[in-house]
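Here the protein sequences come in this chain order: A and B.
So the working numbering is basically just the index in the first sequence, starting at one, shifted up by 329.
So the working numbering is basically just the index in the second sequence, starting at one, shifted up by 16.
There's no promise every hint is true.
Only pairs whose alpha carbons sit at most 25 angstroms apart, straight line, appear in this in silico SDA-like list of lysine to any residue [claimed, not checked]:
#	chain 1	residue 1	chain 2	residue 2
1	A	387	B	713
2	B	666	A	384
3	B	520	A	411
4	B	260	B	490
5	B	28	B	39
6	B	266	B	287
7	B	589	A	414
8	B	666	A	342
9	B	520	A	404
10	A	414	B	577
11	B	503	B	472
12	B	666	A	340
13	A	346	B	670
To be clear, the hints were calculated from the coordinates, so they are not data collected in a lab.
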Amino acid sequence: MIIGTQKPIGEIWGMVKDFKKVLVFGCNTCVAICHAGGEKEAETIASLIRMRAAQEGKTMVVNHLGAMRHCEPEYFDPVMDEVKKYDLVLSTACGVGVNFLSDRTGSIPVYPGINTSFYGAVEAPGDFKELCAGCGDCILHLTGGLCPIARCSKTLMNGPCGGTNKGKCEVSNEIDCVWYLIVERMKKLGTLEKLSEILPPRNWATSRDGGPRRVSLEHIRAFEEQEAQKSETAGGKK
Amino acid sequence: MAPRQITEETEKYRPYGAEIKETRPYSPCRGACPAHTDVQAYVGLIAQGRYTEAFEVITSVNPIASVCSMICHHPCEQSCRRCAVDEPLAVRHLKRFAIEKSADYRRNKRRLVRKTKDRSIAIIGSGPAGLTAARDLTDLGYGVTIYERHPVPGGMLASAIPPYRLPREVLKEDIDDVISKGVELKTNCEVGRDVQFDDLTKKHDAVLIAIGLSQSRSLNIPGVEGPGVMLAIPFLEDVAFDRKPALGNKVLVIGGGNVAMDVARTARRLGVKDVSMVCLESAEEMPAWKWEVDEALEEGIKISHRWGPKSVRRQDDKVQGLEVVKVKSVFDASGRFNPSYDNDQTTLLEADTIIITIGQMSNLSFLKDSSVKVDERGRVEWNQGTQMSSAKGVFVAGEVVTGPGSAIAAVANGHRSALAIHLHLQGEAIEGNLPVQEKEKISQMPAEVLEKISREPRMKIKHLAPEVRCDTMTHFEIGYDEEEALKEAGRCRGCGGGAVVDTKKCMACLTCQRICPYGAPVVTSVSEIRPEYCQACGLCAPECPGEAISMVSYDIRAIRDSLPSVVGNIDPKRQEPVIVAFLCTHHAGVLGFDLPKNVRRVPVHCTSRIDILDLLKAVETGADGVAIVRCNDGTCKYRDIAQRVNARVKRGQELLGMLGIDAGRMEILSAVSGNGGNPYAAVCAEFAERVIKLGLRVR
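This is chain B alone, in the form it adopts within the complex:
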C-alpha cells in the first residue's frame, strides 16, 4: 500500500465524447445518478472488453466505486430506458465486474499526489462524503487530514453496513485509493473527545463536517429501557467490530427501512432462526427497497405490516414481546408522514429481543459552544448554495445536512463541498459556481421505437441459496463471469452515445433520414438526430455523403486511422496471407479467443459502423484479404444492418474490381456464437484458405 511514485497529474479520465455530452441531454441513467456517473460510457466500454477504461470512467466521479458496486440502490437502473422494453441493464453488477477485472490495474496506479497548495483541510468523518472530499482536495494539491472516531475509516460503510452486503476487503480497496494519495488519516480520534473542534478550526484553513447520521433514534414507549431492547446502530457496530451482540432466540426488528432490513438479515446470520419485523407501512408503502424485502423473505424473515409499537411487555426484566396497535394510515391527506391508529385493535408480537430501527440522527455535541449554529431540531444550519455552515470556513457534506440518503448521493455532495472549499480558499465566490445537480435527460423511447427493439432478458444475478447464505456473513451475491457481463453490457441501447450532426457539413441530403431504422433523424435546413429515438447503432455515419455525422461515444475515423498500425509491415516473403478482420464484438466477440497469427483484428461494436473507405484502406494498407465478421442475425441487437453492410461490401468489391483485384479478397463472414468453440478463428482460417488460392498480393 506504500505509494511508490509521486504524481502531479490529477486530471480525471475523460471518455471519448465527454465534452459534447456536456452540451446535450444526459442519458437517463447518468441523469439519475447523483454523481452523474457516465453509465452509458462505461457499459459501452465493458461491451467492448475495455475494462480498465470502464473502471476509469466509473472512478473518475466515484471514489467509492467498489462499495457502490455492492450496495448502490442504482437509480440508474430504475431509470434505464430498457425498462419499457423488458428489464433494465444490470448496471450495478456490471460495475462490479469492471472493477473486479481492474483489480491489479487500480492497485498499480495508486500514487502520492504532490502538495502544491500551502493550505490544509480537516475532514470530520470518513464516510462517502468525507472520502470524496478528501480525494478531490488532495487531487487539487491541498493537505487533507481526516478525523475518524472509529478504529477504521469508512464511516457507516465500515461500522454499520453488514459484511454480507459489503465485504470489508472491497471497502478497503476504495479507501486505499484515497488514502494512498497522501491523505492523513487519524482513526480512533473523535472530535469533542480526543480533539476539540476549536483546535481544528485553528489548525486548518477549512473544516468539513461529514459525520453522517450515526446515532439511532429510539422510541418513547413504556418498557423500552432495559435489557433485551437495543438500537440498530450499536447492534450493527457490534457486528462490524466482531463484538457478539446478546440476542435471544426470537428477534423482532421495529422498522421498515433499509437499515431495518440490514438489522433483521444480520440477526438471521448470527444464528437466530426466528427473526421478524414490524413496520407501520404496508408492503407497498414500506421504504425498504423491494429487492431487499424479497431477499429477506427468502431468508425466512417474517414481516408484520401496519402495526405501530405501543409498549414493550416485560416479565421481571425479560422482554416478552412488543404490544402493537393497528395502523389506520401512515400518511395524511397531504402525503406527510403522520400515522393514525385504531386503538381498539392491539396485539402482542412475541419476542425476547427487540431492535429499534426507526431512523438516525447526527451526534452534534462537539459543536456546542462553537460558532456553527445548530437549529432547534438538532440539525446543522447550512447554505445549500455554498455548502457552508453559519461559521466561515466550516463546510458541511453528506447526510449530516441532507438527511438520510444513499452513499452515492453523499459522494455527490462531497464533490460539491470539496469544490466549495477550493473556491473559498482561492478567494473566489462559491455561490453560483457549484455545478447544477439536475440535468436535462433524454426522454423515454417513443412507442414506434420501442416496438423495434428486440427483447433480450437481463442476465440473472446469482445469489447463494438462502439456506447457505443465512449461516454466514459472507457476501451472498455472485459476480458475473466475462461471458455474462459481455452479454449484459450488450443489452445497453447506448442512450446519449449516438449520432450527432455537424451542421456545417450537413447538406440536408436526407440520406440519414431515409436509412435510419428508428426514425431518429429529421432533416429540415440541416439534419437533426433526435436522441430519444437514436439507438447509437452507427448505421447512418458511414452512409452520410458529407461525413457530417459522427458518433458521440466513439471516433468514427478511429477504425480507418488505426489500420496502418494494425496491419503493420507486410513481409514480402510471407507464406500466409495477411487478413484484416473487422470483428463484431457484440456478444461473444471480445471473449478471449485466439485468432491465427496472420489475422489482424479490428474490433467494431457492430459491422454497421464499417465504411467502404475502411474496407478500401485495409486493402491499401496491404492486406491480402479483408473479412467482415458479423455476429449472426439472431444476436444482432440492431435492425436493418445486414443489407446495408452487404451493399457496402459489394461496392467495395466493385471498386477493387476496377483495380483488377479479385472480389474474393473481400468477404462477409458469419460467426455463430454459442457453439462452444471459437467461432471467429474457424471462419477466418477458412477465409485465409480461399485467399491463398488467389495468391499473395505484390505491392
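Bound conformation, chain A alone:
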C-alpha cells in the first residue's frame, strides 16, 4: 500500500492562497487507509484552509470531495464536471494520483495535499513501515524475504556493514539493521549458507536509473487495441 502523510497547513496555504475556489479532492484507497488523504481527511484540510483564510481575511470557497482512486479514470470521471468548477484542485491522493489527474483537468492546476512517503505495511494501527522500494528486480528469495534495498540504509547487497550495532543501524537506533534480521531469518530457515555467495552488483536500470518505467501487459493490451481499432474503423472516436 502507498503511505502518505499530510502536509503542514502552512505549506498548503502557500499553494492555495491566491485561488478563489479550491477543491480538496480525497482519494479513498491507500492514502485513506493510512489516514492521510481520504475524503474525510480532505474535509479536515478544507476546514483548516477555511479557518486560515478567515485569519488572513481572504474570501475563498473551499469544498471537499472524494473518489475511490485518483489513479484510474473510471473512478473520478463521474465527478469531473464538479471538479472542473474550481480554480484549483488540491488532490490528497499520492503523487500518482496528482500526476494522473493533472493530465485530465484541462487548465485547472492540481496540487498535492499530502506527501507520498513510501510503499509500506500497517505494522499496527497508525504505524506504517516502509518495506519495498519498487526497484523492479526482486531478490527477496535470496535474502530470506527481507529487502535490503528498501530496508538497509545503504542499500547494501552483501551486508551487514560495520555499522551494525546489536541489531540496530548506525544511522539511527530506531532503525533495525535489516542485514542482522536477514541473517537471523535465514538461520531459522536453514538457508544461512546461501549468504556465503556474494551477490553481484545490481543493474539499476530496472529502478529509477533507467528513467520512468511503464508496464504494458501484451495479453491485455492486445484486446484493448483491437477494440480501439474496431471503434476507429466504425468511425467512432476513442
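Let chain A serve as the given structure and place chain B on it in line with the hints.
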C-alpha cells in the same frame, strides 16, 4: 376535548433509522412486543431527554400506550439482553415516564382527521383491538362508529381491570386520543339488544367484531348456584362502575391466573382482611405473572396450591367453604391442560364468599341467525390470513378470536384487522398483504461481550407500602422521577441501534475491527458489524477513514451540521468568550441544569461519538473555546472511550496549532455527577476563565 383543528396528516412519526431497521434483525425487545414497538428507539430518546419524541415512537404503534405503561406484561423486558448481565431495562416504567412527561404535548396535538373516503366501518367493542382499528381506519380517512355496550369506552380496560392497577384518568387519555380523531362512539349500545347485527352490516361497508372475552366461565360443581358465589367479571364490573359487591369477611378466589389476582387484590381493597386463593397449579405452574403473585402475597393474600374445586359447602343458604381435592398433576404427558386428582385427599377451605375466576369466553348470542359462522365450541370461525369471518366484509380482531392474551397483543391484532378492512374496501387482496408477525431478532450477547459490560442495577420501581395500598383503590405504583428515568434509560445497550457499514465506501482497512472494544466488526472483503456484538457506543464511526460507518439510531453528521446554528452569530463586541460544549448526556447530562449564557451546548450521548472534524468545525464556526465534557469514568457505560477521545482532542489541538491557535482553546473537562450541584456549569465556567486569558478570537 373538542378538537380545534382538522388534520389530513395521518402519517406516523418515524424515528431516525426506521427504514434501515426494517431491513435488519429487530432488537429482542421490539421483536417480543406484539405491536413491535421500537423500544430501543424510545428508550434512547428518553436517555437524551427527548421525551415527546419518545412519546411519538411509542404511540405510533400503540394507541393504548398509557394503559400499557401501567398494565403491560412487557415481553420486551423478559427478552431484554441485559437479563444476561444483571436485570432487564424497566421498559414499562420508562414508557410511563415518557408519557407522563408528554401530557400537555399529547393533548395539544389531538386533531380531527378529515374523512377522505366515502366508506364507513362499524366496530363492535372499544377494547384494545377495537380502539386500535378505529384509530388506524380513521387515520386512513374512513368513517368509523364504535358500538360499546358499557356506558364508557375501553372494554375490559374500563369495566374489569381494577383501578388500583389502571387509573381511569390514564385510560381516558388514550381513549381521548382516538375519539378526538372523529370516531363516532355509541356507548350503552349493545349489539343484539339495542341495535341488531344485521342493521350494522347493512348500514356500514365493513364490520369489525372486537368484543373480547367478557363473560366469566363458571364451574359445574354442587352448590355453585346461590348467594355467596359470584363470577369474576360481574364482580370486577361492579367495582369498576361503583356498585358495591356483597362480600363477606372471608373471600376465596378460585383460579391462578392474572384475573384471579385482580379479583383477590380488589377484594382485599374492598376491606376484606381475609382473602385467599386456590388454584390447581403449583407456585411455579400458575399462569399469573410472578410479580402479581409477589405483590398479592405482600398484601397478605394466601394461596393454596394444587387443590381442585369439588363442591361448595353450604349450610342453609350460606356458603361455608369450598371442598377441594388434591391435584396429582395439572398437565398430561404431552403438556396439555388435563388435571388428575387424588380423590382420597380432600379438605375444606373455609369461606363465606367464593369468586370463580377460571377463564372467560365471548358472548356471541348476537350472531345467531347471521351469516357469521360460530364453531361447535362457541368461537367465531375466521381466517387468520385475512382477519375475516365466514361472512364477507365482517372482520374479527382481538381475544374474541385469538383467545386470552395481552392488551398489546390485541392492539397488534387490531392493526392487522384495520389493514385487512382497508385492503378489502379498496378492492385489493388481503391474503399475503398483512404484515408478518414473527420477525428475526438479534441473538443473545456472546459470552465474550457479556463479560465486558458493567453491572448496573435496575432502578427500583417504588410501590405504596402494602398496608397503605390495601386500603384504597389508588394506583399503588410510583413513577420514576427524571433522574431515575434517565439513569434507567442509560442502562439500555442500544441493541439494533448500532453501527452499520456502507459497503460502497468501505475499503476494508480494518480500523473498525481493530478498535471495537466488543469485537463486533469482522472485515473480509468489506466490514460487517455483527449486531449481536455491537453495543452502539459509536466509537468506530469517527475513526473510520472512509466515513463508511454510520449509526442506525442517529445521524453521525448531525452534530457537525448543527454547529453553525448552535453557535449562531458571534458578536464582535462580546465580553464573554463563546464556548461550544459537547456534553455527554449520559446519566445526569440532560437534567435541567443551567449553563452560563455564553456556553453553547451540543448534547452527545457519549463523547465516543465526537469526531475531530466536529471539534474543528466548532472552531471554524467561531467558538473561542471548545470543551468536551465527559461523564466520569465510573459512570461511562462503554469501554475504552477515554483514550480514543483524548487522542482525537490531541490531534485537534495539533491541527489548531498549525493555524497558530492556542491548544488551550480545546479541552476535555470531566463532570462529576451526583455531588448535588451543577457539575457541568462549574467546569464550563472554569474553562471559560482559562479561555478569556487566551483572548477572544478575531475572525
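Exercise for the section: Would you list, in rising numerical order, the hints stated earlier that this structure does not obey? Expected result: 7
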